[in-house]
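These protein sequence lines map, in sequence, to chains A and B.
0 is the number of the first residue of the first sequence in numbering that gives the first Met the number 0; add one for each residue after it.
0 is the number of the first residue of the second sequence in numbering that gives the first Met the number 0; add one for each residue after it.
A couple of the hints might just be wrong.
Note that the list lumps identical chains together, so a pair holds whenever it fits in one copy or between two copies.
[What the hints assert, rightly or not] Pairs of lysine to aspartate or glutamate residues, derived as DMTMM-like cross-links and limited to a Cα-Cα distance of at most 20 Å, are as follows:
no. : residue 1 : residue 2
1   : 403       : 476
2   : 216       : 733
3   : 216       : 737
4   : 76        : 64
5   : 216       : 770
6   : 94        : 6
7   : 836       : 819
8   : 836       : 227
9   : 216       : 738
10  : 180       : 146
11  : 840       : 733
12  : 162       : 275
13  : 462       : 792
The set of hints was computed from the structure by calculation and includes no laboratory data.
2 protein chains.
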Amino acid sequence: MTKYVYDFAEGGRDMKDLLGGKGANLAEMTSLGLPVPPGFVITTEACRAYLANGEVPSELAAEVDEHLAALEAQMGKRLGDAEDPLLVSVRSGAKFSMPGMMDTVLNIGLNDESVNGLAKQSGSERFAWDSYRRLVQMFGKTVLGVEGFEEVLDEVKKAKGTKDDLDLDEVDLRAVVERFKGLVQAATGQPFPQDPRAQMELATAAVFDSWDGERAKLYRRQERIPADLGTAVNICTMVFGNLGMDSGTGVAFTRDPASGAQGVYGDYLQNAQGEDVVAGIRNTLPLAELEGLDKASYDQLLGVMETLERHYRDLCDIEFTIERGKLWMLQTRVGKRTAGAAFRIATQLVDEGLISEDEALDRVTGAQLVRLMFPAFGATDEATKDETLLGKGMGASPGAAVGKVVFDSDTAVAAAARGEDVILVRRETTPDDLAGMIAAQGILTSRGGKTSHAAVVARGMGKTCVCGAEDLEVDLEAKTITSPDGTVVAEGDVVSIDGTSGAVYLGAVPVRPSPVVQYFEGELDVAESDDLVRAVDRLVRHADAARRLAVRANADNAEDAERARRFGAAGIGLCRTEHMFLGDRRQLVEDLVLADGPEAQAEALAALLPMQREDFTGILRAMDGLPVTVRLIDPPLHEFLPDLTELSVEVAVAEATGQSIDPRRQVLLDAVRRLHEQNPMIGLRGVRLGLVIPGLFGMQVRALAEAAKGLRDEGLDPRPEIMVPLVSAVQELEIVREEALRILAEVGVEALVGTMIEIPRAALTAGQIAEAADFFSFGTNDLTQMGWGFSRDDVEAAFFSRYLDLGIFGVSPFESIDRDGVGRLLAIAVEEGRAAKPGLKVGVCGEHGGDPDSVHFFHTAGLDYVSCSPFRVPVARLEAGRAAVAAASSDTR
Amino acid sequence: MTKYVYDFAEGGRDMKDLLGGKGANLAEMTSLGLPVPPGFVITTEACRAYLANGEVPSELAAEVDEHLAALEAQMGKRLGDAEDPLLVSVRSGAKFSMPGMMDTVLNIGLNDESVNGLAKQSGSERFAWDSYRRLVQMFGKTVLGVEGFEEVLDEVKKAKGTKDDLDLDEVDLRAVVERFKGLVQAATGQPFPQDPRAQMELATAAVFDSWDGERAKLYRRQERIPADLGTAVNICTMVFGNLGMDSGTGVAFTRDPASGAQGVYGDYLQNAQGEDVVAGIRNTLPLAELEGLDKASYDQLLGVMETLERHYRDLCDIEFTIERGKLWMLQTRVGKRTAGAAFRIATQLVDEGLISEDEALDRVTGAQLVRLMFPAFGATDEATKDETLLGKGMGASPGAAVGKVVFDSDTAVAAAARGEDVILVRRETTPDDLAGMIAAQGILTSRGGKTSHAAVVARGMGKTCVCGAEDLEVDLEAKTITSPDGTVVAEGDVVSIDGTSGAVYLGAVPVRPSPVVQYFEGELDVAESDDLVRAVDRLVRHADAARRLAVRANADNAEDAERARRFGAAGIGLCRTEHMFLGDRRQLVEDLVLADGPEAQAEALAALLPMQREDFTGILRAMDGLPVTVRLIDPPLHEFLPDLTELSVEVAVAEATGQSIDPRRQVLLDAVRRLHEQNPMIGLRGVRLGLVIPGLFGMQVRALAEAAKGLRDEGLDPRPEIMVPLVSAVQELEIVREEALRILAEVGVEALVGTMIEIPRAALTAGQIAEAADFFSFGTNDLTQMGWGFSRDDVEAAFFSRYLDLGIFGVSPFESIDRDGVGRLLAIAVEEGRAAKPGLKVGVCGEHGGDPDSVHFFHTAGLDYVSCSPFRVPVARLEAGRAAVAAASSDTR
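With the hints as extra help, turn the sequences into a complete structure.
What follows is the structure in structure tokens.
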């Protein structure tokens with residue numbers, strides 16, 4: 000028979016699936032002998048049965064009876080007993096912490112009779128009625144959905160001329176309870192339930208139901224938490240922090256979650272129950288002051304914290320209550336921390352002998368390293384900063400940006416054109432604001448959260464953004480921002496925004512480069528650096544030793560290649576060649592497009608060849624001895640020409656007004672019209688262009704081969720690789736490969752010839768394509784575009800914020816690889832490509848190559864390397880190491 | 000040990016893989032006791048070994064020796080013997096007939112000595128030297144690659160003052176042989192090989208090599224013939240049709256390949272070898288005249304034809320030679336035939352008891368039925384037609400088109416705008432001609448083949464096209480076409496082009512509707528119709544009985560729905576709703592786009608609702624009792640608005656010239672700019688639009704539900720199904736489905752709610768999506784666009800002709816489904832969708848639903864139905880039946 004109920008003494012922290020996180024940790028603390036109030040857990044399995052059938056399993060009541068009886072026997076009290084009632088809390092607790100779910104009902108077991116028993120036993124009428132008031136309020140609100148309790152309480156306090164709950168006496172609280180019960184009767188048509196068991200069962204069912212509440216469902220969709228886990232319910236003997244000034248409740252961390260420093264961190268509130276701390280009704284005390292109030296409990300608490308940290312081998316956060324001098328532990332879990340603290344704590348724990356270096360690596364993430372690599376505002380003069388703080392929003396896209404305030408897209412574009420840095424300020428952004436967002440240094444909105452349009456688009460652009468700064472009043476008509484203290488910021492005034500903390504400052508706050516970046520640049524001496532840099536150095540080096548994935552960089556010029564090398568890149572995974580057609584060379588590309596025959600085309604190509612050769616020479620030199628993968632030209636030719644609409648307007652207006660037109664403009668317009676495409680992203684580009692314009696790819700291959708030849712003649716060791724873009728069928732690759740090998744042989748150098756896998760069909764026919772490829776490199780950007788049918792330029796701004804809000808995906812598939820769809824294509828291609836050609840070299844060169852979560856996937860999929868922007872190389876190194884360690888540890892399990 | 004050589008008496012027609020088509024059929028005729036000159040076959044396996052290792056297998060020589068010795072013994076002659084030489088032919092013969100491969104070398108075994116023996120044995124010096132001349136010429140050209148033989152022969156004939164080979168006597172021919180040998184010596188640096196075995200071995204190797212010739216490789220790529228089959232080589236005793244006027248050679252069909260009528264069809268040429276018939280040097284006689292020349296051979300030939308047809312149970316074509324009154328069979332195979340003949344012959348053979356109805360169905364194809372359904376030029380007055388025939392090209396895209404000749408795209412567009420029918424005439428077309436091709440009734444080019452730009456684009460458009468009419472001189476400057484007889488056609492003159500036969504006529508040839516279409520329309524009484532209509536009726540009805548796939552139609556209005564029903568559709572598989580937003584309703588869509596808030600949007604939607612309801616009512620009424628799948632709006636909204644460039648020019652010109660602008664145009668321009676997308680095909684459309692514009696999908700669902708309700712209240716049986724387009728993630732579908740079910744319940748009707756599978760990711764996550772779908776319908780057009788990364792609007796015109804030429808694909812993937820890529824996605828989705836939801840209804844509604852080859856694939860993939868244009872419904876019915884019969888017969892094998 001299924002067991003639906005576990006005593007705290009029966010479980011442990013490995014049972015989160017069944018008992019939820021909270022229940023498993025309560026059980027763990029119980030088994031550690033820590034002072035946990037006795038209680039039991041109703042399992043997630045009971046929840047799943049309830050959700051499937053609309054009622055709790057028939058066996059559950061008897062099991063609960065049994066555990067309740069044992070609890071009553073242990074405590075020597077009976078639930079809701081009129082003379083000496085046992086009271087319990089009912090708390091939800093899923094495997095993953097989940098906002099939107101019902102949280103807690105305290106003081107279950109009180110009713111019109113047992114309140115008197117509680118008063119008698121506690122010796123405090125006020126305490127008893129305060130507890131009953133709390134029960135009716137919490138139960139009424141969360142279980143029965145009744146509103147209006149806060150308002151009543153405020154009225155009563157106002158009538159009494161106070162703002163503090165503690166000023167209400169027993170008489171006041173009796174009256175409050177009566178009015179609360181009246182609210183329940185009015186709203187539900189039923190009196191407040193007096194049967195303690197009914198209270199418990201209703202609260203349990205309400206917790207179960209809250210699993211499928213709208214906000215919980217949305218959160219799960221966004222966080223990709225499976226919908227069928229269910230939540231557990233914790234039934235726990237009540238202990239009381241509101242029994243007087245010798246009682247209280249608090250939260251604590253075993254180390255500083257901001258810096259990682261060891262010490263006593265937390266808050267304590269006397270004569271209160273847990274929800275008072277959260278509600279912020281009264282000011283809490285620093286935890287250290289508890290020593291002066293109750294040294295015994297304080298010392299005991301420090302001992303418990305020590306025990307927990309040694310046991311969990313990590314920073315823990317805890318909730319506790321002191322009931323008349325007796326300490327009780329109500330919750331613990333491994334605590335959240337800042338990025339810097341994560342690195343510091345992980346290495347501290349290694350030094351303390353608590354964890355291994357592998358484990359330390361597992362405790363930090365690439366996402367944290369990214370945060371440490373953004374420039375930040377100098378924290379040297381905290382006072383100055385606070386003086387100019389205008390307000391706070393959400394840090395939606397990290398970085399630090401400084402600029403003049405502008406309130407609309409056109410002004411932003413105009414200012415940027417003048418070379419001015421601007422911050423675009425809007426209530427919220429829409430696709431209309433796109434040009435302004437591109438032009439601005441940073442974006443500030445007063446509405447919307449981390450999935451708002453501004454946040455999504457800014458992250459896509461890698462642009463600093465603060466969202467939902469609700470205390471700033473943005474007046475678009477008057478073109479002002481007004482802060483809560485009345486400061487008015489006008490258009491043109493300079494502000495500074497912090498995309499990590501969400502802070503908004505008046506004036507130009509100095510931006511401080513990241514010491515972690517300085518370290519990677521080789522500008523810092525590690526031994527003399529602060530502990531953060533030392534921690535990063537240590538863990539990244541450990542990751543290097545552990546990882547199987549090589550990390551290359553995407554770089555198109557010698558400067559980027561050199562930087563990538565400093566950042567630890569093992570070569571270039573993607574050298575785009577189209578950037579080499581811009582600037583002065585546009586004219587030559589125009590000549591190519593306008594060429595009226597093969598000879599003129601060949602001439603235009605011949606003019607481009609020496610320039611390309613020079614570009615390649617620089618990059619190969621910077622990466623001497625390391626592989627450099629050169630992608631043949633990818634974008635459609637019209638990208639190098641003027642915009643159709645602009646040129647059409649120019650010519651039409653000139654005609655209409657009788658101005659003379661440069662005949663070349665007219666010829667160009669004809670060409671632009673001819674080359675115009677409905678959907679250039681899926682038009683004539685990549686290998687298609689190479690097959691349609693004879694000699695184009697050949698020129699590039701020859702330039703690369705000659706560059707390599709020249710360097711080899713200098714005694715260097717160039718290692719070029721040729722990559723063909725946008726292949727969808729092996730036949731395309733065969734034709735290009737044949738020509739490339741011929742040219743390489745002519746010049747007398749060798750190079751691998753491989754292909755991008757960036758079209759779904761290429762992935763699906765990878766077995767065929769592998770026959771003609773020396774390597775595969777996944778272009779996950781295009782593979783995502785085609786796999787989802789998403790034109791990134793269009794869809795990110797048009798509807799990604801709505802999609803994130805609707806929970807259609809939890810993160811943009813351009814940010815982190817979509818494992819089910821795009822990832823599956825990749826896995827198919829790796830497997831079938833290697834089956835056709837054992838040992839085929841396989842890498843990835845889309846932006847996902849630098850995304851922490853995606854790197855894990857690429858490790859698991861068996862890739863040989865990832866390639867990402869130079870800046871992301873350290874992140875990829877770290878995550879590749881973490882992935883290897885995680886895989887090794889799950890292998891040995 | 001591998002056996003590389005088979006005597007004709009050892010093989011049979013089932014051995015085509017090993018012996019090639021020609022060898023297998025020669026063996027079959029031998030075993031039937033028909034008069035086949037003795038010989039043997041070197042297998043395709045020997046060819047494969049040769050191609051892999053660069054030399055023939057070491058065992059081959061001994062095997063050939065053995066078979067040659069047996070042949071010599073049988074014939075009583077020795078190969079190349081100086082006194083009485085055995086001569087042989089060496090002929091290629093792959094499994095599939097393949098242009099581009101070396102064909103035949105006759106008279107192997109002749110040399111400077113044996114030519115005298117042959118003269119002695121045959122009693123004709125002239126014959127012997129004519130045969131030697133032929134050997135040097137054919138061997139020299141095809142084995143040694145020497146050119147110039149034709150020119151020498153022409154010179155000699157000219158010097159003699161004749162045009163006929165037969166006028167050259169022994170002396171002339173001796174001189175010709177000397178000059179031919181001189182050509183060989185000059186070109187190869189070697190004398191013409193005198194060793195008969197060497198001749199045979201060189202010819203065999205040349206046949207093997209020709210398998211990998213450029214044209215052969217190209218052909219294989221285009222026809223998707225595997226590259227590793229190899230070809231067999233047939234070594235056959237020579238018989239001579241050039242031994243005098245009692246000898247000759249001919250070709251014949253066992254029935255009329257044009258009409259299917261039984262009788263004697265073929266050509267005969269006296270005193271000639273096979274290549275003379277093909278070369279067309281002299282005029283052939285109708286086969287029936289052989290009766291007067293050589294009644295015995297004629298009667299024997301009729302007997303052989305009767306035997307072959309009964310044996311092969313099909314129309315056969317044959318090649319034969321008569322050597323001094325003795326009939327020899329040189330080749331047979333199942334013969335090609337016209338579309339009409341295929342249907343007639345198939346039913347005739349059933350009536351003759353030779354084949355079953357299932358087999359008859361297998362003998363006709365949907366592609367043939369398509370050809371029968373195009374309108375054609377009336378064939379009633381053949382004489383008139385021939386008088387106006389200007390010339391012939393290739394029938395590149397079927398149909399019959401009549402219109403005024405124009406020579407450039409702009410003129411075509413202008414004429415079409417005036418309502419005139421035009422034929423666009425070009426030397427060849429380029430993407431620049433696209434607008435003109437769209438405007439024209441038909442396209443005529445003087446250059447390029449079936450994969451030329453004009454051909455590919457016209458087929459994509461379903462527009463009549465004749466390509467490569469090389470005997471017509473197109474002068475674009477003078478704007479004239481000149482025919483071989485000097486007729487000059489000027490711009491504006493009317494011509495008629497036949498996209499099936501490739502004929503080009505001067506003047507307006509009357510177009511005759513297809514009787515097959517009239518039959519499907521129900522306009523003909525089958526019993527009183529001609530045998531073609533009766534054959535079609537019979538086989539389509541048999542297909543209906545056999546098929547498992549249901550056939551639905553794509554129809555957007557009541558008229559199309561009614562026609563589809565007449566054509567046998569079992570419902571509507573795709574009712575597009577966007578067409579319902581055009582015309583008068585554009586204004587309402589503009590209102591929707593320009594709406595400045597939810598209320599204005601709701602108002603615009605409310606105005607559209609009654610119109611949509613009316614549309615749906617008409618279609619549901621036409622399809623009463625049958626399912627109607629309505630696709631919610633799919634295209635991006637800006638498709639309903641003016642073009643960005645045009646509107647920009649309009650507004651800019653008005654501003655520059657000081658004209659007043661309708662303020663609504665300016666507002667509209669802002670909206671068009673805002674909605675403009677880089678790649679609308681993969682932008683904000685389909686379900687994305689439904690999720691971004693609240694109420695849009697809801698309005699459509701309500702209109703459909705109310706339409707169904709209204710009809711049900713009338714006592715009818717409407718069966719609406721709701722289809723959500725462009726889903727890439729199950730979450731999208733869940734949200735729309737929830738709303739749709741709510742609205743259906745409100746109105747009080749039921750409908751299935753399913754989804755298109757047209758995005759690769761949808762196919763790859765079909766198991767998830769099936770949970771929220773009542774059915775899948777594959778949108779293979781979009782699936783092909785995304786799967787290949789092909790924007791059809793752009794790529795077809797830009798490079799498909801080049802891709803077909805390069806053999807990257809043999810047929811456009813938009814025409815016939817790409818099994819390896821897109822087909823694989825489809826198979827994955829069917830399998831995983833059904834695994835998640837057994838019995839899930841699955842169909843296809845892309846254009847591939849009406850493509851014969853694709854229908855077979857859809858049958859094999861286990862689909863429930865295909866949906867195609869009404870016109871294609873009969874084709875799909877036929878092919879679905881053929882697929883079922885083929886599958887059943889392969890099951891029972």
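Verification of the supplied hints:
{"no.": "1", "hint": "403 - 476", "verdict": "within (17 Å within a copy, 62 Å between copies)"}
{"no.": "2", "hint": "216 - 733", "verdict": "between (50 Å within a copy, 13 Å between copies)"}
{"no.": "3", "hint": "216 - 737", "verdict": "between (54 Å within a copy, 15 Å between copies)"}
{"no.": "4", "hint": "76 - 64", "verdict": "within (14 Å within a copy, 110 Å between copies)"}
{"no.": "5", "hint": "216 - 770", "verdict": "between (47 Å within a copy, 17 Å between copies)"}
{"no.": "6", "hint": "94 - 6", "verdict": "within (18 Å within a copy, 77 Å between copies)"}
{"no.": "7", "hint": "836 - 819", "verdict": "between (25 Å within a copy, 19 Å between copies)"}
{"no.": "8", "hint": "836 - 227", "verdict": "between (41 Å within a copy, 18 Å between copies)"}
{"no.": "9", "hint": "216 - 738", "verdict": "between (55 Å within a copy, 17 Å between copies)"}
{"no.": "10", "hint": "180 - 146", "verdict": "within (12 Å within a copy, 110 Å between copies)"}
{"no.": "11", "hint": "840 - 733", "verdict": "within (18 Å within a copy, 40 Å between copies)"}
{"no.": "12", "hint": "162 - 275", "verdict": "within (14 Å within a copy, 116 Å between copies)"}
{"no.": "13", "hint": "462 - 792", "verdict": "within (15 Å within a copy, 35 Å between copies)"}
Going down the numbered hints, you'll see the structure goes against none, and every one checks out.
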